[in-house]
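Visitor: Since the structure of chain F is provided, determine the placement of chain A on it from the hints.
Residue-level listing of the chains:
Protein chains: 2
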Amino acid sequence: MTRPSHITRTFGQFIAGATWDQVPDRVQHEAKRSILNFMATALAGCREDAVEHTLASLAAFSGMKQATVIGRTERVDVLSAAFLNAASGNVFDFDDTHLRTVIHPTAPIAPALFALAELRPVSGRELLLAFALGVEIECRVGNAISPEHYARGWHITSTCGCLGAAAAAGRLLALDTDQLIWALGAAATQTGGLVECLGTPAKSLSVGNAARNGLWSALLAERGFRGPPTPLEGRQGYLNALAPSAPDWSALTDGLGETWELLQNTYKPYPVGIVAHPVIDAALALREKHAPQPEAIQRIVVRGHPLLAARTDRPHVTTGREAQVSVQHSVAAALLFGGAGLVQYTDACVRDPAVLALRAKIDVEQDADMAVEAAAVRIEMKDGAVYALVVPAARGSLARPLSDREIEEKLRTLAAGWCPAHDVQPLIDAVWALDRAEDAGAFLRLTVPGA
Amino acid sequence: MTRPSHITRTFGQFIAGATWDQVPDRVQHEAKRSILNFMATALAGCREDAVEHTLASLAAFSGMKQATVIGRTERVDVLSAAFLNAASGNVFDFDDTHLRTVIHPTAPIAPALFALAELRPVSGRELLLAFALGVEIECRVGNAISPEHYARGWHITSTCGCLGAAAAAGRLLALDTDQLIWALGAAATQTGGLVECLGTPAKSLSVGNAARNGLWSALLAERGFRGPPTPLEGRQGYLNALAPSAPDWSALTDGLGETWELLQNTYKPYPVGIVAHPVIDAALALREKHAPQPEAIQRIVVRGHPLLAARTDRPHVTTGREAQVSVQHSVAAALLFGGAGLVQYTDACVRDPAVLALRAKIDVEQDADMAVEAAAVRIEMKDGAVYALVVPAARGSLARPLSDREIEEKLRTLAAGWCPAHDVQPLIDAVWALDRAEDAGAFLRLTVPGA
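One line per chain: the protein sequences are F and A, in this order.
Under our numbering, the residue at position 267 of the first sequence is numbered 267, and the numbers go up by one with no gaps.
Plus 451 on top of the position in the second sequence (first one is 1) and you've got our numbering.
Hints in this document: simulated from the structure, not taken from any laboratory.
Treat the hints with care, as some may be off.
Derived, one-sided and incomplete: chain A residues facing chain F with beta-carbon distance under 7 Å [unchecked claim]: (1) Ser508; (2) Arg603; (3) Trp605.
Glycine included, C-beta positions come from ideal geometry on N, C-alpha and C.
The shape of chain F in the complex, shown without the other chains (with noise of 0.2 Å):
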């Protein structure tokens, strides 16, 4: 196919004719749940060493007091706002996964939408609508992308969750068609994020500047900041530069607004890298069924698609958060503690000595036969016995989705460990109810603590 030059058009028009009555119920309910999770995975991460360290960067630097900075008293102006949320929500890589690209798509786009909506208020509907149209753009630019863009080292849900931020935004300020294209002009234009950050605070700078610059971007179109006409598909344009050979073109416009992206998100159980978690699983089930002891174990053999290996084989790890890529980890974790909760991922936990000896037990197979959802794990007893099981898809998958009153839990949980005293009903019911709230960005008060 001959480069096309209609794509960032395309998308234009898009975001600027969407109405939400065109919107499929399952979708509307569908972002209703993604921004509940991502609630619950900002308020764990909103303490994190990446979002002190830029909140008190930041505040030297912006005296307004614009915005909510989720799971805290701090206000900040809009623009920060967006990118500490941003990082609250995705630190602990324990938010939501497109499983095609393994983007995260709320943290870049939710921030943005909720500090506009702090600025100037708008209906729940109004925002809910602009995310699922923000979710959309970011996804079908990570398909068409995927998976050579982030082996390269694009941090995918940086990359593209600053154009489905500015596209997000774009639609709650109503920008028209060319405004639309300006801004995501200028989104492309300061993207940026390498995965080999991952691991570290860095990670969090280039997910909290593509939900900040996506706002940005936005907010300069409103003001007629131009940009090129095809800043996406131009010949020296954002695919070009960020795709390592030629984009897979039609996943870019195909069938645009007859499938919905959103209905491709899914929600982790565990804070773990999604391939590992039908391992964790696994392991969680054998030992509820067969409760070996740890020092009765000879070995436990670990097996599934090449890309479990290439993500998670990581025997020898020192902190919470590798250890959060590593099945050995996990699994040693989870039998000996019957859980994999943020608990488990701890500097502390991983330092355990219990943890260390049954990690060195632990071998991880390569199966290409095998599904990239699927995993099998076997315990050999030192006494001969062999316990074995395979999962052919984890919990939070699309074939096992959590429930709605799951994501609900997994927000009480996690604010237990925020603030056990904030009583969260009142944040969840905000969430279900966004659709029919006039003021969307009032919930953002029942996140700050004592308020």
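Guide: What follows is chain A alone, placed relative to chain F:
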């Protein structure tokens, strides 16, 4: 060569360990020439649309009045000042050029240092040393990934400039080696910028971000904000993501501290794409010698290296910004008006009927045997006369550098277009005396009208 793992650390050690006395006199002086040239173009650019819009927008999100916006009375926060002054200096692409990479070295780096120097007073020598080190990192990374990086669509001034700004600001903050590695990592994951945006205000976003994000990266690193150990050379780091094929590893660190990229810096006499400069020289010389009447000209043939046509063969342009990369417009305006200053690149001049008529007579020929620094112009008159000239190297090139006095004159000319009543001699004197200044930030106030 196998992938090395010492690159970022070597940079960090070099930046932390260098001293002013190790910097050769010529390099010290070239740093001042670069800054003088930058002040000239920043004064010229400080009221362009890209600056007006971003200033108005950023001011709505920060109440801080910490630093000078060059050439203007507003004061803004330190991060915004870095952004805005970088945008001003580069908006016309009239700033300096590192020819091997076509990086504009000063715009992303000097504004980060200026803003920092206003926040925390430092000596002029400290600032000049930090500047030279920043340019060294910026241009060495550019050398390692050129020309493919730019050809792919990356705006190299932005992508490499952000690293240079982090290196320079990190040195001014007296960061240690580990902190400098974190600063370079934070900058690496915050950089971007697309060639597609050239010719539009959106171009300035990535240039401004390079200064702003580089500075912020150093400030975060000072706070202990950690990043990965090998952000540049790591498998999913900056060089792999931003260089389409393997970088020239040796260009990164060979001879570090022995050679200085600042000595490769050049200053434009004309606000035009650098490859068109010898053409303008030829046109001005032919006008001077033969004074051909425009209506008596039959045809003009411009001949040059294929890059001349690739970058500047644009017979049909409608705006001043486009005309800056049109060799047809440049030749027509030079022959008609005897100059190639900013007044020849206004929208009005581009639409002048006499210019349009002459532009239509100009053909561009490619000659692979010609050096990229050279060009030939042949004017064929209707009466059969032919006037021809070959220029082997343009004014302002490394072979024919602008003198100190010519850079001063460039500043005076551009300042006259900015604010005719403003006496710029104190500013010129202050730049030449920067290595003896106790408070390096003080001279910025000399750029404020009415101050």
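Visitor: Determine for every hint whether it applies to the structure shown.
Guide: Quick rundown of the hints versus the structure:
Restraint check, Ser508(A) versus chain F: the minimum CB separation of about 6 Å is within 7 Å; hint holds. With a cut of 7 Å, the hint placing Arg603(A) at the interface with chain F holds, because the nearest CB-to-CB distance is about 5 Å. Taking 7 Å as the C-beta contact cut-off toward chain F, the hint placing Trp605(A) at the interface holds, the least distance being around 6 Å.
In terms of the numbered hints stated before, the structure departs from none.
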